[in-house]
Every structure is written in structure tokens, then in C-alpha cells.
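Undergrad: Chain by chain, the residues run as shown.
Protein chains: 4
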Amino acid sequence: MRSYILSFSCPDRLGVVARYSSLLADAGAFITEVSNYTDPVTERFFLRCVFDDRALNVTMDTLSQRWQAVADELNATWVLRASDDLPRIVLAVSAQDHCLSALLTKWRAGALPAEIVGVVSNHELSRGLVEWHGLPFYYLPVTKETKPQQEQEILSVFSELDGELLVLARYMQILSDGLCQELAGRAINIHHSFLPGFKGAKPYHRAWERGVKVIGATAHYVTADLDEGPIITQEVRPIDHETTVERMIHLGQDVEANALSQAVRLHCEQRVLLNGQRTVIL
Amino acid sequence: MRSYILSFSCPDRLGVVARYSSLLADAGAFITEVSNYTDPVTERFFLRCVFDDRALNVTMDTLSQRWQAVADELNATWVLRASDDLPRIVLAVSAQDHCLSALLTKWRAGALPAEIVGVVSNHELSRGLVEWHGLPFYYLPVTKETKPQQEQEILSVFSELDGELLVLARYMQILSDGLCQELAGRAINIHHSFLPGFKGAKPYHRAWERGVKVIGATAHYVTADLDEGPIITQEVRPIDHETTVERMIHLGQDVEANALSQAVRLHCEQRVLLNGQRTVIL
Amino acid sequence: MRSYILSFSCPDRLGVVARYSSLLADAGAFITEVSNYTDPVTERFFLRCVFDDRALNVTMDTLSQRWQAVADELNATWVLRASDDLPRIVLAVSAQDHCLSALLTKWRAGALPAEIVGVVSNHELSRGLVEWHGLPFYYLPVTKETKPQQEQEILSVFSELDGELLVLARYMQILSDGLCQELAGRAINIHHSFLPGFKGAKPYHRAWERGVKVIGATAHYVTADLDEGPIITQEVRPIDHETTVERMIHLGQDVEANALSQAVRLHCEQRVLLNGQRTVIL
Amino acid sequence: MRSYILSFSCPDRLGVVARYSSLLADAGAFITEVSNYTDPVTERFFLRCVFDDRALNVTMDTLSQRWQAVADELNATWVLRASDDLPRIVLAVSAQDHCLSALLTKWRAGALPAEIVGVVSNHELSRGLVEWHGLPFYYLPVTKETKPQQEQEILSVFSELDGELLVLARYMQILSDGLCQELAGRAINIHHSFLPGFKGAKPYHRAWERGVKVIGATAHYVTADLDEGPIITQEVRPIDHETTVERMIHLGQDVEANALSQAVRLHCEQRVLLNGQRTVIL
Chain A
1 MRSYILSFSC PDRLGVVARY SSLLADAGAF ITEVSNYTDP VTERFFLRCV
51 FDDRALNVTM DTLSQRWQAV ADELNATWVL RASDDLPRIV LAVSAQDHCL
101 SALLTKWRAG ALPAEIVGVV SNHELSRGLV EWHGLPFYYL PVTKETKPQQ
151 EQEILSVFSE LDGELLVLAR YMQILSDGLC QELAGRAINI HHSFLPGFKG
201 AKPYHRAWER GVKVIGATAH YVTADLDEGP IITQEVRPID HETTVERMIH
251 LGQDVEANAL SQAVRLHCEQ RVLLNGQRTV IL
Chain B
1 MRSYILSFSC PDRLGVVARY SSLLADAGAF ITEVSNYTDP VTERFFLRCV
51 FDDRALNVTM DTLSQRWQAV ADELNATWVL RASDDLPRIV LAVSAQDHCL
101 SALLTKWRAG ALPAEIVGVV SNHELSRGLV EWHGLPFYYL PVTKETKPQQ
151 EQEILSVFSE LDGELLVLAR YMQILSDGLC QELAGRAINI HHSFLPGFKG
201 AKPYHRAWER GVKVIGATAH YVTADLDEGP IITQEVRPID HETTVERMIH
251 LGQDVEANAL SQAVRLHCEQ RVLLNGQRTV IL
Chain C
1 MRSYILSFSC PDRLGVVARY SSLLADAGAF ITEVSNYTDP VTERFFLRCV
51 FDDRALNVTM DTLSQRWQAV ADELNATWVL RASDDLPRIV LAVSAQDHCL
101 SALLTKWRAG ALPAEIVGVV SNHELSRGLV EWHGLPFYYL PVTKETKPQQ
151 EQEILSVFSE LDGELLVLAR YMQILSDGLC QELAGRAINI HHSFLPGFKG
201 AKPYHRAWER GVKVIGATAH YVTADLDEGP IITQEVRPID HETTVERMIH
251 LGQDVEANAL SQAVRLHCEQ RVLLNGQRTV IL
Chain D
1 MRSYILSFSC PDRLGVVARY SSLLADAGAF ITEVSNYTDP VTERFFLRCV
51 FDDRALNVTM DTLSQRWQAV ADELNATWVL RASDDLPRIV LAVSAQDHCL
101 SALLTKWRAG ALPAEIVGVV SNHELSRGLV EWHGLPFYYL PVTKETKPQQ
151 EQEILSVFSE LDGELLVLAR YMQILSDGLC QELAGRAINI HHSFLPGFKG
201 AKPYHRAWER GVKVIGATAH YVTADLDEGP IITQEVRPID HETTVERMIH
251 LGQDVEANAL SQAVRLHCEQ RVLLNGQRTV IL
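Residue numbers (UniProt numbering), protein chains in the order written: chain A, 1 to 282; chain B, 1 to 282; chain C, 1 to 282; chain D, 1 to 282.
Misleading hints may appear alongside valid ones.
Straight-line distance between alpha carbons at most 27 Å, and here's what the computed DSS-like set of lysine-lysine pairs gives [what the hints assert, rightly or not]: (1) B:Lys202 x D:Lys199; (2) A:Lys199 x A:Lys147; (3) C:Lys199 x A:Lys202.
By construction, these hints were calculated from the structure, which means they are not laboratory data.
A quick note: this is a predicted structure, and the numbers were derived from the prediction, not measured.
Excised from the complex, chain A in its bound form:
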């Protein structure tokens, strides 16, 4: 028995639920999970469903073709994929490896529904850890001058490895607008603040100066507009007046790793659908 995930969004209208579910029922596709949501403001419909083939009476190819026809009619954006066909992830990292390490540990433990296929970095520091996990490590140093070229190399590696998602696991370089557009919806970043507070550089230093009592981290899709991409997850942690910037950086490592890991998991399970500048998590 094999299971499949179908996720789509389309303009809302009468009978959308009946439309897709009758198609599946007719084909003998057995639904085991469904979530859907209609945005009352944009009147857009979002759905994620999981079904299996225990009673399927057509081939998956036939089912896909039938669905394609309905999807065209509904004007839907969609993904249909076997749940054991794991998304291929490339990680990007700079000097700090706590997010990298958390992702690799979860992946090795079978707790991440994805295939990590390689790591790129502008530092050599993480090579040992990455290679110990049996993964290729690409050292791609960067300077102001070589940035266009280095970004080209990132894209080449991503393409060569058949990457489907680029995870910026504390990769401390600002991506060019071109790269952001190239990877729209296919790149997730972790920002070490509770956005929209403390956008930009050195958020922990500014949190200390402002005297906040809670710090946080935000995982979001990368867009050309820095730290403004659609938010997937946010995690927070209380602090107090004794929490120095250095301690915030240490405490923040857990919060960042958790927020990013959750976001990657949600994306890979096809639970994250874009709704303009916002996300629907199903």
C-alpha cells in the first residue's frame, strides 16, 4: 500500500470539496487525512489531502490525468506526490553549525521527511561534520566581487544534486534579488528574531538594547524583500534582565533550530501553501 499527498489552492466556489473528493472516490482513492481552509478575505480555497491506493481502481497516471482536467477547470495550483518520494534538500550554512547539526541529527534519526543531498558553505568549518554524515560538502567562498559567480555555483550544485528545496541554515550572506526570484517558494531561511521585530542585522544586540522579555526566531520563505517573506513558523523563549547578548545567542540556538526544523518538516509534508505574503499551514 502506498500513500499520496495532494495539495492545491484555487479561487473558492460552490462545490470544490465535492468536485475533488468525488473524483478521488470514483477512482477508489481512500482518503486518510484532509485539511482545507478558505480565506474569507481573498476567497481562495486551500486543501491538503492524503490518500492511499488500497482500493484504487485506476492507475496513478490515469488519476493524475483526471485530476489535471479538474484542476484546469478550477484554475488550481497543485502538487500530487507519493509520500515516500521525499523532497531533496540542499543546506547552506556559514560559520555557526547549530541549525545544520539539528537538521542532520533529525535526518539521520528518520525524524525529517526529506532527503538531505548536500551542503554548501562559504566556510570550511563544517566539512568534517557533513562528511561524517556521508554527504558531499561544497566549499564556495564569497567576496563582494565574486558574489554573482558564487551564487551561480550554488545554483549549479543545487541543480546537479536535483535539489528541490534550499534551506538557509544560518547562511549569513544576503542573496541577490535574482537568486531570490530563481528560488521563489523553494528556499527557506531562519531569521534569529521574532519578525517583524528586529529585522536585519544583529537582532539579539538590538533585543538587549530594547530590553524585551521574550526572544524568538522566524522561519520564512526567501524573497527579494529582506526578512519580509511569508512566515512559516515562529518560536519564542522568555528571557530576563540577566540575559546577556552572549547568552541570548546561546539560548537562541535552540529556538532557531526548532523553528527551522519544524518549517522544513511542514514544507516537505506539503503542508505549507502560499496565500499572497502569508502562509496557510494545513
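Model the placement of chains B, C and D on the given structure of chain A, informed by the hints.
TA: Just chains B, C and D, lined up with the frame of chain A:
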């Protein structure tokens, strides 16, 4: 335009989603929200959907009759109700009124999707607050000897007021098995601990003795088996070694009021479906 | 036996702890609680201690005089007060009464270490609730033109009632710079966002637009620089894509009431010391 | 400039704060941090202070001797240690390595104020990861019959490595009473439930059966009474009806690693003082 909430559960089988949604689509019922869930262990299907009548082509009576036929076929337990037909709540309270006060405040602010219709208490203390809110207050004192009779009076008040849900808002009497059964699925209690830790009496005292670092509160349906009913919500709050029992009691008031208010809201929005000793929150 | 709270801050130097504690020990003041903190950046020392008079060998007047001499030498800012001499609070409220109601309920339950002495409002709506609690209610309507005069009336009421702390419990008027300065360190506001995110008006609307996954509330001292005052407490609550602005407003009521109640309690227990634009909570 | 941490507890009495602080002031020890606490029930005093030698006018040996005399008089239990003299930790692990990996990552990043000196395991699985971090790995398999002998080997390794703290980072063997007593106050365990709920085996399975809405993890000192040792930290995470046992196990990994890392940090910074079956965290 009027909206309706349909919630049901039934044994899972191929095509349940198609079955109910086709029925709604044929009748012109416009779905605006759906959540469903299949328990992979019990293979039971749970659904909550909201639809409106903007395009309805039959009367609601006809729709109900059609649905009744499908529900019988699916062997479903269900509720179908207009979303502006607010559930009628009776509150029970003892000496401490923080949960009572929170519920009344939310109700008065329009933040509770319910109609509070009266308050019963084994103390006179809250009469003023209740009557100030324009609600009838029933003083029903109780002793060991008069308990059967007093519980009868509670039921009479509940029935007289057309009550649909009894909320034990820190009502510090243990209900008899008979009353628990009578009100099965229609009575919510707040327990001032993070169940299953510290079941029974004086949970904050025992939390202090054990030296825990987090306290909590649990809202659950009342069952004859004390503090073992299906859990609806749990809220927690960190404490430290300086937190005396008295402070826990004060901090706990917020946690209890929040957990109970959330549970009442979820119940009244028909979001809570029973799944054996567990709940599904849709 | 009576207990006292001494809190002070001063430039740090060798022997501060020995200095104040020897003075107390010599007078037979029995210390039961102490917290202190030195800001490593500003090199300022902060202390809060509670002692009782079980073994006191001088009068409290004598002790105060001795302490005054030491405080002068240390260049300290300080407060020394019996813990049963509760701070007198005046509340200000507009149309929404959830924070008002939470504070009144806690106060009546003995869970707030303060004396609430009156309520001012630019609306008549809360009169009934306030008067039911046996408190004077001052209706002080305000227009753009009458604002200076109305603020004068607030100050008169505050002074007449011997107010020591003004709590803006969702008082939706921006105070003038003059009033802010007049009440510096003696006025606490609740802002319905997780500052510094969404400063200013309509934070829940902007939170919805940005698609954040957590909302919050911030209690802070009032300063002329709007929403920039020293932060005392921040509380948060997760939300998701289904959370409409209206629901945020309802959920936010709990978060706001909790954050504000905590802040008032901390202030009244002399636990909040100012450290520039930041607070030290002891 | 070097800094030192002094922590002690003793029966409370008049002038304890003056006594230790005068001693430090006389020696020119510059206090930078202090927390203390008196348990109002047991009337025991607890203190942690950090001081530096910028103005020290005696040797540390002399200061220690002077303090020893005062400590004897106060009947105090104490530790005085340079803050750069990091505690030596031995980790014990079984098949699951998420806690191990989190501790190693933090240690390598300088975020753990301790020296990890070796890892023992009853499985070979983590050897690669441990050796990649440059640490000795001791494979000590165990059966029912060889348990006494294997525990002897653990103690030998611990002693050989000059271990000061044994951290059970998901070590899934129950230690014998003898070993628990031998390591009293020097061994920290992580239990994957929110104690006292779900003591013993398979807590996530039982959490699922009970239908709780929040899961947690508890780090505590090891005692002969299983899962009853003094609690250091507890962390929680909300779940819902969709959370399968397998997902709980995955989500729990973050909670467990965070709770354990925090507990180890607090212990190594001498912030955890025992107060009977409870802890004081300063």
C-alpha cells in the same frame, strides 16, 4: 445570509468526504470551512464543516432530511445547527469566582459564542456579580446528607433554563456518578493541575512538594471516573523555587480561566468531538 | 511581626552587599528574601530585599535614618516600605473592559498586592461594574479640544485619591508629553502587540496582514516616546492562518490581561527597577 | 582578572548575608552577581555569588580558609570554584542520539560551560559521532546478568576520566540503587514526560492513550526512587489529536534535548542547590 455548522463522526470508509460534500453541493450549500480527521487506530472519521445559504436551492428542512438519510447509512453521530443559534450555558461555581468572572466578562464582550443563562452555586458569595450581569443566581447549599436532593435541584434549574452545557467553573463538589452520566458530554470541568499529574485534591500543594517547575490546568468533560474525563484543553505556566503555594494559587487563576474559556468556546463552536476517552478538536 | 521591602539601585562598587547587609544585621533586621543584580554594561547595582522585625533592636525610624546615611554615601535611589502598606492604584479604561475586569477580580480575590482606589474613563460603559465593586467611577469624556483640561482632571482625581500608580487598562487615548513626564515611572500601559513589532495603532490588523504565527502583549512604563517605554512583561500566544482579526482580538484579551496583571503585581511588590530604557525585575 | 563562584546553603539565621559579604568585602573580593533565597518552610538559606579578584588583597587560599571557618560556624554545605575551571562531564547514551548530539554541538560551539571528557554507551551506534568530536567512546554492553559488572565499568571510566557529572542523555537502563547512591547529586537524567505524569516506561504511548494536549520532558537528579529525583528543568510542547506516538517521539526530541541542555548548564554554573527533594535554581 446565514451560516450553519455540521459536525459528525462515523466509521471510516471509502468516499465519506465525497458523500457528505456532494450532498451539500447538490443542495447549493456553500462550504466555507472544513476540518476532518481519521483516527488511524480506531479507523473512525471526524468532520466539522461550516456552510452558508447564499446559494441554497432547498429548504434547511429538506437538507436536514437528506443528511439524516446519509447519516443513517454512514452510521454517524452528528449535530447540525445554525451558527447564530448559540448554546445555552449554565455555570456552577463555589467560593472562588475567577473562572466565573472571566467567562462573564468574555460573554459580555461578545467573545464567547454562547448564551449564559444562569449560575448555580453552593455559596452566596457570587450573587452580586452574577445579578449585576443580569443573570439569575441559584443558591443551592449542599451537605453530605442533602447532596442527592441538591443535585436534583441543579438538574431542575438546568432543565428549566433549557441548559445545554453545564460548566463547572471551580465548583468544588464531586458530582455523583448518576449526575455525571446524566450530563455525559454536556458538562465541562476545570481541574487545577496538568493532568494526569496531581489528580484529586490540593494539586498546588502537591506540586509544591514535588518541586515541579511548571504548573497547569486541564479542562475536560466530566465523567464518573474523577479527573479522568476526555481532555479538551491544557494550559501551563512556568514557576520556580520561590513560588509558594499561595502564589501558585494566584498564578493558577489565569491559567485555569484561560483553559476553561478556550474549552467552552471550542465546545460551543462544535469543534470538540469525542473519540473514546480522547477528544478530536477540529 | 511585620515585614518590609527595601529596593535600591546605585553605582556598583566594592562592598555594596556588605554595606547594606551589615547595617540591617546590626539593627536586628532579619532578611528573608534578597535578589540583586549588577549590570555589567552600565556597572549599576540593583537590589531588592525583604526583612522582618522579629529581632529588630531599633525603631524603624532609626533604621530608616541609618539607611538614609548609607544611601547618600552610595548615591542610591531607594524605596523602603512595609509590605502591608499597599500601593494605591487608579485605573484608566476606555470602552473595552477585559483588563479592568481582570484587575478588579484579582483585587477582590486578594491576588493583587495593591489597593485599587478608583477608576477614570472617557466612556460611561464600565460605571456599573466599577460601582458594583464599591469603587468611585469618574467619567471624564475627552475631545481633541478638551484634552488638556481632561488630563488635568485625571491628575486631580489621581491626586485626590492619593494615587501612587496609574494603570492604563486599555485606555485608548495617547497621553500628552506633559502628562507622561508628570507620571514618569508611575504609569503602566498595556500595548496589544509584542513590541517592538507593530508599534502604534491597530496591531492585530497589521499582525494579520504580515501573517505572523504568534501574537503578544507588552506591559511597559509610559514615556513620551509612544510604545517605547521600559518593558516590564511580555506574553505571547500562538495563532494560525485561521485566526481572523476578530479572533485575535478575543484571544488577545487573555494575553493582555495576564501581561498587565503580572506587571502591576511586580511593580507593587517593588520588584521592577529602572535601568535606563530597560527594567531589572528582582 | 579571574572570577569565582561561591554557592552554599545553611540553616537560616540573622545576619547570614552580612556574614559572608563582609568576609568577601574585607578580602577585596568584588561581587558581580548574587542570588539568594530562604525557604520559608524549611528555614534554610541558599546563596550563589560570583566575585572577581580585581581588588583582592589576600590569596585565594587565604580567602578559602577564612570562608571555611565561617562556613563551619554557619553549618554550611558549599562549593567555591573558579568559573573557568569547567566541570568534567561524562555522557551515557543508548540507541537514540538526539540528546547526545545536542550536547556535543553546544559544547563544540562554546555554549556549554563544561568539559565533556567521554561517552559511555551500551550500544556501538554513536561511536562515529563521538569520535568525530575527538572524544573517547566506551562501549559497555549490558545484560541482566552482567549489569553489576557493567555498572562497575561505568564507574571506572567515570573515575579514570576524573568525571564530576554523569549525564544520562537517553541512557535507557535503570541504574541500580547502589550506583544511584554512589552518584547522588552527580548524575542528571532526562525523562521524556512531564513528571509526575507518566512515570516509568513508554510515556509517549501513555500520553497518547490519555489524550493529553501538551507533552513534556523533565531533567532531574538521579535517585534510587525511579523518576522521583529532584527536578531541575521541565519543558513542554502543545500537541493535538493528530499527533501520533511516532510524531510525539520526534517532537519530544527537541523538548528533551532543550530540557537536558538547560539542566546541565545550570548545574555546571553552580546554580542548582538541593533542598530536600526539591531544587533551588539561583
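Undergrad: Now look at each hint and say whether the structure bears it out.
TA: Verification of the supplied hints:
1. Simply put, lysine 202 (chain B) and lysine 199 (chain D) have alpha-carbon atoms about 20 Å apart, close enough for the 27 Å limit, and the pair holds.
2. For the given pair, lysine 199 (chain A) sits about 23 Å from lysine 147 (chain A) by alpha-carbon distance, which is consistent with the 27 Å threshold.
3. Between lysine 199 (chain C) and lysine 202 (chain A), the direct Cα distance comes to roughly 20 Å. Compliance with the 27 Å bound is thereby established for this hinted pair.
In terms of the numbered hints stated before, the structure departs from none.
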